[in-house]
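I would like the entire structure built from these sequences, with the hints used as guidance.
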Amino acid sequence: MSFNESQATQAAGVSTVMVAPPAAERVLDVRGLDFYYGKKQSLYGVDLPVARNKITALIGPSGCGKSTLLRTLNRIYDLYPGQRAEGQILFNGENILNAKDKPVDGAPVATSSRIGGDAAKLRARIGMVFQRPTPFPMSIYENIAFGVRLYRKVTKAEMDEIVEVSLTRAALWDEVKDQLDKSGLGLSGGQQQRLCVARGIAVQPEILLLDEPASALDPLSTSKLEAALMELKDSLTIVIVTHNLQQAARICDYTGFMLLGRLVEFRPSSDAFVKPETEAMRDYVTGRYG
Amino acid sequence: MATTETLTAKNLAAGQLPGSAVDRYARRKLINYIFVGLTSIATAVAITALVMILYSLVAKGFSGLNLTVFTVDTPAGGEDLGSGGLRNAIVGSLMICAMGMLLAVSIGIMAGTWLAEYGDGNKLATIVRFLNDVLLSAPSILIGLFAYELFVVPFHGGSAIAGAIALAIVTTPVVTRTTEDILRLQSSQLREAGVALGAGKGLVIRSIIWRASRTGLVTGGLLGFARMSGETAPLLFTTAGNQFFSMNVTQPIASLPYTIANFALSADDNWRRLAWVASLLIAAAVLSANIIGRHLARGSQNK
Ligand SMILES: Nc1ncnc2c1ncn2[C@@H]1O[C@H](COP(=O)(O)OP(=O)(O)OP(=O)(O)O)[C@@H](O)[C@H]1O
Ligand SMILES: [Mg+2]
Chain A
0 MSFNESQATQ
10 AAGVSTVMVA
20 PPAAERVLDV
30 RGLDFYYGKK
40 QSLYGVDLPV
50 ARNKITALIG
60 PSGCGKSTLL
70 RTLNRIYDLY
80 PGQRAEGQIL
90 FNGENILNAK
100 DKPVDGAPVA
110 TSSRIGGDAA
120 KLRARIGMVF
130 QRPTPFPMSI
140 YENIAFGVRL
150 YRKVTKAEMD
160 EIVEVSLTRA
170 ALWDEVKDQL
180 DKSGLGLSGG
190 QQQRLCVARG
200 IAVQPEILLL
210 DEPASALDPL
220 STSKLEAALM
230 ELKDSLTIVI
240 VTHNLQQAAR
250 ICDYTGFMLL
260 GRLVEFRPSS
270 DAFVKPETEA
280 MRDYVTGRYG
Chain B
0 MATTETLTAK
10 NLAAGQLPGS
20 AVDRYARRKL
30 INYIFVGLTS
40 IATAVAITAL
50 VMILYSLVAK
60 GFSGLNLTVF
70 TVDTPAGGED
80 LGSGGLRNAI
90 VGSLMICAMG
100 MLLAVSIGIM
110 AGTWLAEYGD
120 GNKLATIVRF
130 LNDVLLSAPS
140 ILIGLFAYEL
150 FVVPFHGGSA
160 IAGAIALAIV
170 TTPVVTRTTE
180 DILRLQSSQL
190 REAGVALGAG
200 KGLVIRSIIW
210 RASRTGLVTG
220 GLLGFARMSG
230 ETAPLLFTTA
240 GNQFFSMNVT
250 QPIASLPYTI
260 ANFALSADDN
270 WRRLAWVASL
280 LIAAAVLSAN
290 IIGRHLARGS
300 QNK
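Chains as they are written, first to last, in numbering that gives the first Met the number 0: chain A, 0 to 289; chain B, 0 to 302.
You can trust all of the hints, since none of them are fake.
Once the Cα atoms are required to be at most 27 Å apart in a straight line, the calculated DSSO-like pairs of lysine-lysine come out as:
hint, chain 1, residue 1, chain 2, residue 2
1, B, K122, A, K38
2, B, K200, A, K120
3, A, K53, A, K120
Hints in this document: simulated from the structure, not taken from any laboratory.
The model shown is predicted, which means the values in this text are computed figures rather than measured ones.
Now the structure itself:
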């Protein structure tokens with residue numbers, strides 16, 4: 000077996016199986032992550048290794064914490080006072096959950112003080128696409144330029160090129176190249192979602208997080224989106240939450256199965272779906288869970 | 000148990016409803032008729048009142064309208080019917096409203112934004128929201144008195160600026176309230192999408208959330224303008240009125256509501272004519288503001 004770790008442990012009555020990529024290949028390494036919505040704990044000691052230039056899928060029944068886990072990776076939860084994460088998230092070996100996240104004297108730190116420049120810079124390197132398309136109320140061109148201008152000063156010609164390249168890589172260029180000055184709100188749902196992908200990759204992040212990006216799309220739009228993601232793998236790392244197991248099997252290199260706030264099984268997709276080792280994941284992929 | 004079920008099933012199959020169900024159906028139908036009747040009457044009463052107001056406004060206002068209304072200032076009284084105009088009052092109203100709207104919109108949008116975007120779980124925000132609602136329903140005569148004490152008494156006399164401040168106090172709560180409501184309609188995912196690109200929260204609010212809400216914000220401003228343009232009480236205390244033309248913001252100034260209050264109940268026919276004309280002008284302003292607002296709103300949706 001080419002994978003160096005294989006362990007079965009006993010956690011909360013569910014056995015866990017971990018077949019992780021080698022440490023040197025990991026761009027993100029989540030270790031012992033606990034997450035709290037106020038007093039309510041939603042993640043329990045999650046370990047998630049994310050291999051560079053691969054697609055990692057997170058699957059699991061509704062409410063198991065997939066979105067929560069994704070939202071800790073770019074610290075978007077910072078926006079909400081009372082939400083906090085404990086543990087380690089190593090991004091290129093550097094912990095992005097620093098001491099500032101710990102509550103002081105039990106009281107959550109005020110939101111404003113936590114949105115420091117650092118979290119914002121981090122988010123420029125770890126992009127995110129949401130379940131519902133979220134085009135900004137501006138032109139297609141401006142939708143993409145918005146993020147680019149935040150951190151780089153570029154000429155008009157450079158911006159034109161960034162817009163074209165991003166849209167091309169998101170498989171949207173051909174459909175919108177004649178209407179770049181039209182509002183992004185006028186596109187179809189599938190086009191809007193690809194616009195959001197284009198917007199996300201225009202800032203050249205190292206990682207792109209996607210939370211059920213295809214759940215509101217028709218099959219054709221879905222396959223266009225999937226094709227775009229496969230192409231993107233060359234230059235960035237993708238973590239995607241999905242309810243669509245075929246999709247996970249089709250496009251993902253690694254699959255993590257979550258249950259009740261825990262990561263129960265993690266392995267290369269090729270064998271994850273053929274022979275899941277944990278009973279919980281077997282039940283899920285054979286359709287015995289909701 | 001089984002027999003009742005089959006019986007009911009038979010009745011239904013025969014197209015008959017069980018006795019009690021017929022009664023209930025008839026009763027519900029009756030109640031429905033009564034309800035529709037009552038609401039129709041209420042609507043008719045409201046529309047009749049509105050039509051009567053509009054009719055007298057248009058009839059009396061239009062008949063008194065002539066070119067001198069716009070070119071000549073308010074008369075001293077006792078002149079022939081048809082002489083004198085409202086120039087000073089029109090200009091005064093425009094100035095006061097423009098200054099008042101500027102204040103109300105800038106404060107109201109900022110305050111509403113703060114309440115919507117930063118006010119969650121914040122005690123101060125709860126208090127501010129409560130006070131804003133109190134102010135929203137405060138009688139404008141009280142606000143006039145307040146502005147009088149603060150901005151007229153210390154300066155030994157009324158002024159355009161004092162009037163504008165008084166009107167702004169009346170209007171700000173309207174703008175604040177609608178701004179907060181409108182911004183809360185935007186999905187949290189849109190905010191997160193901006194932040195997820197690495198933008199700060201302030202920038203996301205200014206360049207994404209405000210833009211997504213601009214239709215609603217314009218509507219909020221128009222609601223404020225509608226409330227403001229008819230307000231009389233605050234102006235009575237604060238602007239002191241002015242028979243002559245003035246564009247000095249620190250001096251007493253004429254205005255349409257003030258002129259109406261002064262002229263409408265007098266024995267002078269010419270004054271009463273001008274009061275009607277002034278009323279017509281205010282109604283026209285509110286109406287066109289509404290139409291423009293709706294037009295803008297529709298335009299921005301199609302874009
Ligand atoms: N804002 C919140 N406040 C409190 N609890 C929350 C919040 N968001 C999610 N939760 C809880 O955290 C747990 C995990 O939710 P999460 O949204 O991460 O699940 P999920 O796996 O993404 O589910 P789905 O597949 O339905 O999207 C759930 O029990 C949920 O009720
Ligand atoms: Mg989710």
